[in-house]
Amino acid sequence: MSISRRELGKLAGGISIAMAAPAIWTSARAQNQPIKIGCTVSQTGALAGTKNSQIGYELWRDNLNAAGGLLGRKVELVIYDDQSSPAQVPGIYSKLIDVDKVDFLFTPYGANLTATMMPLAKQRDKVAIGILTLASNDKVKYDKFFQAAPWGPNGAEDWARGFFDLAQTQGVKKIAIAAADTEFSKTAAAGGKRVCEQAGIEVVSYDIYPPTLNDFSAILRNLRAKAPEAIFLCSYPPDSTAMVRGLTEIGLPASVRLFGGGMVGPQYASLMQTLGKNLNGIINFHLYVPEPTLKFPGIEGFLAEYEKAAKAANVDPLGFYIPPFCYAAGQIISEAVKATGSIDQKKVADWLHANPVETIVGKIRFNELGDWTERRVLMAQFQGVDDSGLDQFRKAGKQVILDPPAFKSGELVPFAKARS
Amino acid sequence: MVFLDLALNALASGIALGCIYALVALGLAITFGLLHIPNVAHPALVIAGAYAVVLANMRGIDPILAALVLTLPFYAVGLAFYEFYARAFERRGRGNTLQSLTLFFGVSLIVEIALVVAFGTDLRSVSVPYVGRSFELGLIVLPYRFLVPALLAPAVILGLWLYMTRTHSGLAMRAVAHDERALSISGHDPVAIKRHAFGLATALAVLAGAALVIVGPVDPFAGRVHLGRVFAVVVLAGLGSIPGTLAAAIIIGVAEAFVTAFLSPSWAPGVAFAILLGTLALRPNGIFGTAR
Amino acid sequence: MSWRNFLLVALLVAAAGMVLPRVLENPYYFFAGYVVLQYVVIATGWNILGGYAGYTNFGTSAFFGAGVYTAAFLIKAFEAPLLVQVLAAAGIGMLLGLVTGYLTLRIQGVYFAIATVALVVVLETVVHNSDYLGGASGLTTIAPPAPAWFAGPTQYVFCVMLVLALVAVGIARAIEHSWVGRSLRAIRASEPAAEACGVPTLRMKLAACAISGGVIAMAGAPYPYYASHVDPLSAFSLTIGLNALAMPLIGGTRSWIGPVLGAVLLASVQQITTVTISSEFNILAVGLMLIAFVVLAPEGILGLVAELRERVGRRRATT
Amino acid sequence: MNGLVVEGLRAGYGAVNVLHDVSITVGEGEFVALLGMNGNGKSTLLNAIMGFVKPSAGSIRLFWDGQSVPLAGQAPHRIVDLGIGYVPEGRRLVPNLTVEENLKLAARGRAKNDFAENLDFCFETFQILKERRRQLAGTMSGGQQQQLAIARALMTSPRIMVIDEPSVGLAPIVVDQMIATIKELQTKRRMTILMAEQSFFQAVEVASRAYVLAHGSIVHAIEHGLDAEAMETIRNAMMGVE
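Chains as they are written, first to last, in my numbering: chain A, 1 to 420; chain B, 421 to 712; chain C, 713 to 1031; chain D, 1032 to 1273.
None of these hints come from the bench; they were simulated from the model.
Idealized CB from N, CA, C, for every residue including glycine.
Careful: at least some of the hints might be erroneous.
Here are some chain A residues pointing at chain B (derived, C-beta under 10 Å) [unchecked claim]:
id, residue
1, Ser42
2, Asn52
3, Ser84
4, Ala178
5, Ala242
6, Pro414
7, Ala418
Partial selection, computed: residues in chain C whose CB lies under 7 Å from chain B [stated by the list, open to error]:
id, residue
8, Leu732
9, Gly821
10, Ala830
From just these sequences and the hints, can you work out the full model?
Next comes the structure, spelled out in structure tokens:
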């Protein structure tokens, strides 16, 4: 049972033909090959709630192709399911780069998944646009990585800084921090703690809890004795829900004036609808809300198209949180390619480092690590929300932007008053 | 005073959590404890039950009421499911731990995907009037969304226990785990009894699903976090012991609540399983199990 | 197959593996191949305890994760070379196996399976609470570069895994054909009977736990190198536990070749469906495949082959 | 006439045939003993009657109230329901149920209406069971368990009782009591009994007729009375097979 080298070559050839059939099919039309962008989307597993990102990509592709494509070539997406598992990611991105021969990459959703593809992207020298990944380039320092989300420079530390800035202007002296034991939340909590130390705000308690914890009353109770004036909470959707309910069930210490900050969950339509007026008064981060200060060209048209697609795909009907930034990730590439007239990775990356990009989420400038030069994570307060359902959130005034100051769209209402 | 406040509340919420764990584990206490079928798909079925309750709730029906009605179709699904299982192995006289585990793993994957396709991946929840309010007794404050499903557990367990001790088919169910031939000799069809038991276990999944979805929102993969814990409860209880299931679940719930309140929440999941490992090492028949 | 032929084939496979990176340029196949080989090691390791001795280890990811984090720790603390990582992981895995075996000396069947699940949760909780290991955020593990002989880091780690797979299969085969294997099979058939025949069942069980644990942990050791980032969710993933059960089942648990067949088949199918079907239906396909095997071929491919042979033999005898 | 008729029965396990062309009859009110050493097919025959072993040829029929019901091919619980009460070898009680629960479990189908009456009769016959009605069956002594096994068969309102080796594993004095009780069932309650037994001294004392099984065949059928001559024949037949 020995295999000669020639047979082995044939065997390998056969396998690669079988597995790379689409790539070969497209190379037959050699002259007018589409430009390909590849990525994974978590269709299944713990992060499956983020699969509406695909609609963002697809709308970008469709609009671009309807307008004649890019450099006269069609744009094609190659998307695989990473099953929310970091272990799947290196193999899939190698398939994208080495077999499907994609021209550009989007990262998977989130930092843990992205961490396993960054070395590969760097090694293969492909421009990669980060999709809501926090601090993914801090270690690898890859010069062709660009972040679509508005974390700003020094994101790990600063992305939720708006909350602490508000705390400072409100004269808060004591703050409590609680975070789910997940990568994003822990990064945010640790960053928040450092910001507090710099600003001279005392961190009276610092709790890390497992994401499966069902009962948060103990955490809320423990806070009572500490009498914090603000609570910075970094949670995931199920625990965000439990915490928000805990506000009325257990109650907050009377001293608390600011609550929220880093909760993932109240950006999603299903939870906003479920929690309704329980959300009032909470100040939480968001990436886009329909306030008059955020009227970027194209965003409203995008959301209208998204709504239709989301209905068909049975995903989040509002789509404020992730999809616009996926569309913008596409725009980052298409604008750079148009400007340079090339898909050369270096040219595109150099252009992006040197020039601002107009996207549906605003004008973006990148620093040397590919982060936005300015932080634009919104701290918005839920105000005047009732239990009437989703439509209210499509109007301005329900999630009032308090920070950053440039986009401020209303005034902070004291927590107790906002809830009454 | 703070200590007393924390301790009392940890005890109360631990008991409530334990009751809810017991509900989730109850179906498994039957399929695994009595029939020796390691139904790892049970948590997935519980989530399927939760989604069925969500559907009914969208039409304005109270989740617990909906769950009670839905036990009937779920019972039927359980019968069909057992029939499939029995045809797959039992009558062929095969089917070891490995094969059953793999089969039910396959089933739970299919259930999860069916939920994804039917409902999408967003979190789903129910609306009940008592969400957001709490029951207060002295220092103890317990949210109704814990208390109500928690009260469901003792009621269901009492009902089940009466059924198991007072009725023919209940007695037969307790007998089937030990000796099928003994059942035949007593004039019972063991296959029918097992099918019935499996149906009952599946019907209990929908009650557990209602409890979970009242406590908090669910997504199609939400069953996975319960898998280890429910097996832990059933084993701690001693196979097949119905009151033991409640007691074991409460021990785990209270242990978790106390670790959360006094040590650190991040150690809570491990502590429960450490108890399980310790029990298995020292008392392999479970805390409430009799020697086999 | 005699030992001589087995060694010959193993050497040929090893040689082919070393030459492959020179022939096959596309790195993707090494990424995919690595995963397949990783599962060959896991399934083979699992089968030593689960197949031969009949103890169903439900918590394979505890051992795999222990291997992953041992290696990650060594990278972070000492930038230790891969060989050291693998040996240390195997050592830790064996130790963990011994502890598991010792804790579960008196329990069998599904009880044992559940005890191993508990082990996963306990270890995962420990890692979550260890800041040095990165907790939930994980640890970026940029390993030292590959030796120059290999075309790239992936090709290198692929070849390392190939060698591990051959070592694992060699161990499994050696056990199967020795008195240890016979003792384990006796335990699987009936523990009291084995004891009565003079098999030191407790010591044998401990040995099987340790060897099995060591092999599985070994499979985890190159993961930090492969993925450049480790996190508790991947290291202690339910998928690994599931695959470790399913692969020997699909192949057949009675012989070393069964888990190898099962792992190659199921892991390849998973790799291919990931990049072809690539949606929730991918998982559906895997679920259906598991059920189909359990129902139609409960003794795995080996069982099917044996049945087929028997049928052909009978037909010959009658004609 | 009412009774159980087995004709030309062949049965076994897998490819191994144990019974060859076995025919027996048990008429209403009779006490028939089935004798033979271990491994000659007694238990297989009883298992075939009860439906635990599928016959490959021959018939098993119950004639009762003018009806003829084929038993071969029926599930065991159906056979019990048709009126064959069974006391198996090894007793096969449910150890985690109490004495009373074990008895209650057996009151099914036809026997459901007779529950109270049957229970009274059982407690009257076996005083110890009444005293220990709340005790778990698994914690009782062998003799008590054997009594419970017989009582359980009575709870199914049997037309015919089939008893497999009631003396196995019991002390001699207990065996004597047991056999006496079984005989009493036949004389007082007019039970029809088919009992397999290897200690033939016990059996011939109580039985009205006997069959001797050797190597899976009936070698002797003692049709009328167990006199000295018949006993000699049986003794020789049984010794012969050793």
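- [ ] Starting from the hint list further up, note which numbers the structure goes against and sort them upward.
- [x] Numbers 6, 7 and 8, in rising order.
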